[in-house]
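> Sequence:
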Amino acid sequence: MVGSQPPKTEGFVVLLHDQPFVEQVRMQLSATQHVFRWTTHLDRLGAAKPTHEAVLIDFDAAGKVQRSTHFSRTGTLHMAEFAEGQAILTLRDGSVQAVAIPHLPDLVLQQNILLQLSLCCARLPRDAGPVVLSYFSPDALAMRSLEATATGEHDWLLSLGLRLVMDSSQRLVGAQKPDDPTALLGRAGDVAFPDEPLESLRNPETPMDRPAPPASVERHEVKISSDDVTLHGLVVRPVEKAQAAPWAVFQNGSGMISRWGEAPGTRLKTLETMDALALAGVTCVSVDSRGAGDTGFGKADRGLAETRLADLRAVLRWAHQQAGAEAAIFVVAHSLGALIALLHLQQNPSEPLRGLVLLAPPGRPLRAVLLSQNAREAKRLALSMPEADQREAALIRWLDSQSKADTSELRLGGLRPLTDPMILNTDPTTLMSAVRCPVLILHGDKDIQTGTVEDARALFTAAKAGAVTAEFVELADADHLFRHEPGLSTAERYQQDLAPNDQYLAKVVDWIVAHAAQ
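Numbered per my numbering, the sequence shown spans residues 2 to 519.
Hints are computed from structural coordinates only; laboratory data are not their basis.
Treat the hints with caution; some may be incorrect.
What the hints assert, rightly or not - Estimated spans, in silico, between C-beta atoms of each pair:
#1 Ser-434 to Ala-515: 20 to 26 Å
#2 Glu-327 to Asn-204: 43 to 49 Å
#3 Arg-314 to Gly-153: 57 to 63 Å
Beta carbons are placed, not taken as given, at the ideal position from N, Cα and C, and that holds for glycine.
Kindly generate the complete structure, drawing on both the sequences and the hints.
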């Protein structure tokens, strides 16, 4: 038996702590074209305002996706066109990439996935047992699959861990946990379809306010050639430049972070750190992560480690040329960037660095760090032991599936770090023996992403064991981004533009200036 035709419009609200979190609406424009719009209330997690996104999907007569056009200020993908065996992807930077796919997708996985599933399930036979649905992920830029099984009179059980509650007209009424009907994850709602044009959703987000440079500091933008992309960078330096002044090269952590230290929804303290160093006579340079700021993605089949290492080599080579042979060069690497810096020194043991500053570095393979983060969050949420075990098992399955992804899938310069075995599995402590310069390791006591003992101190212990001159400092009231955090660091607090931790700024500046003088 095949379900009846779904309604032409429907709205749905995903709940977070029983409050609307994602408000989504679908409108049928023609027999084969639907537009989905949704608002995600990140403001309820501490962001300044909610985000608004949309996707226009063209289906063929069999209900398979032929084209998806994406409207978002931060999304990687602008358009995907699907044919048998291949998807042609137009990315945010204007580049066009091709990726092999086994067949046409049924869905495009985004925040509106539940309304897509209700539309898709309405076409499925209910008496055929579990049905495998293929979806295209704009984040992974690859095909994945899930199972849908008819249950009850109208409902569907999904391998995502959801039960879709449908009415007789195939309208999505609710979303529940399969084993707990009282745990309502979403409900139908009267969501108004916005009037603003879809194209306006691509307008760049207004950046957070950037602090003005001190009077004796100047900033200017540069372009640096890497292997397969032009990196857009920012140089911050004293107006009165001394001969053979020291330089500091900044290495971003994971994610899309601009040369200004701006990431979606937050702002790192990169700019304030460079300003403080420039006041002390140090010239600083930072560059966009690929896909951030004005920098493109480059070749799309390269992993995070490969592209970040190529870009760090390019920036260091440029900095050495600009600074001159006598100048002291330092690397300031944050979070996952610390692993990249250590990998670079292992591969380039003769790199002439005067010092290495590791900010909130991982001291274990990223896989172990992620599992610790998951356990910490389960504790914060006061999950029961079975719930925590289930959550951990799901993360392990996901890590296993992602790290075994087909190497033909697009990597986009490292937007998918968890598919890179070098990133997931490398133990940073094994790399310390390759370091030939002094090291400063800083960690904040409010850090919820890396641990004091398991990561920062473990790396310090490995440095000392390898006869590396190293110093470790744990800073009070500093979070993972080295902002002043007198309270509890949370995901909500990450969305707020907190001031930098004064102890952090002072320590970085004093250490670099002292070692430059040596």
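> Hint by hint, note whether the structure agrees.
Here is what the structure says about each hint:
1. Here the CB-CB span from Ser-434 to Ala-515 is close to 24 Å, well matched to the stated 20 to 26 Å.
2. Checked against the given bound of 43 to 49 Å, the beta carbons of Glu-327 and Asn-204, roughly 47 Å apart, stay inside it.
3. Taking the beta carbon of each, Arg-314 and Gly-153 are about 59 Å apart, inside 57 to 63 Å as hinted.
The structure shown violates none of the earlier numbered hints.
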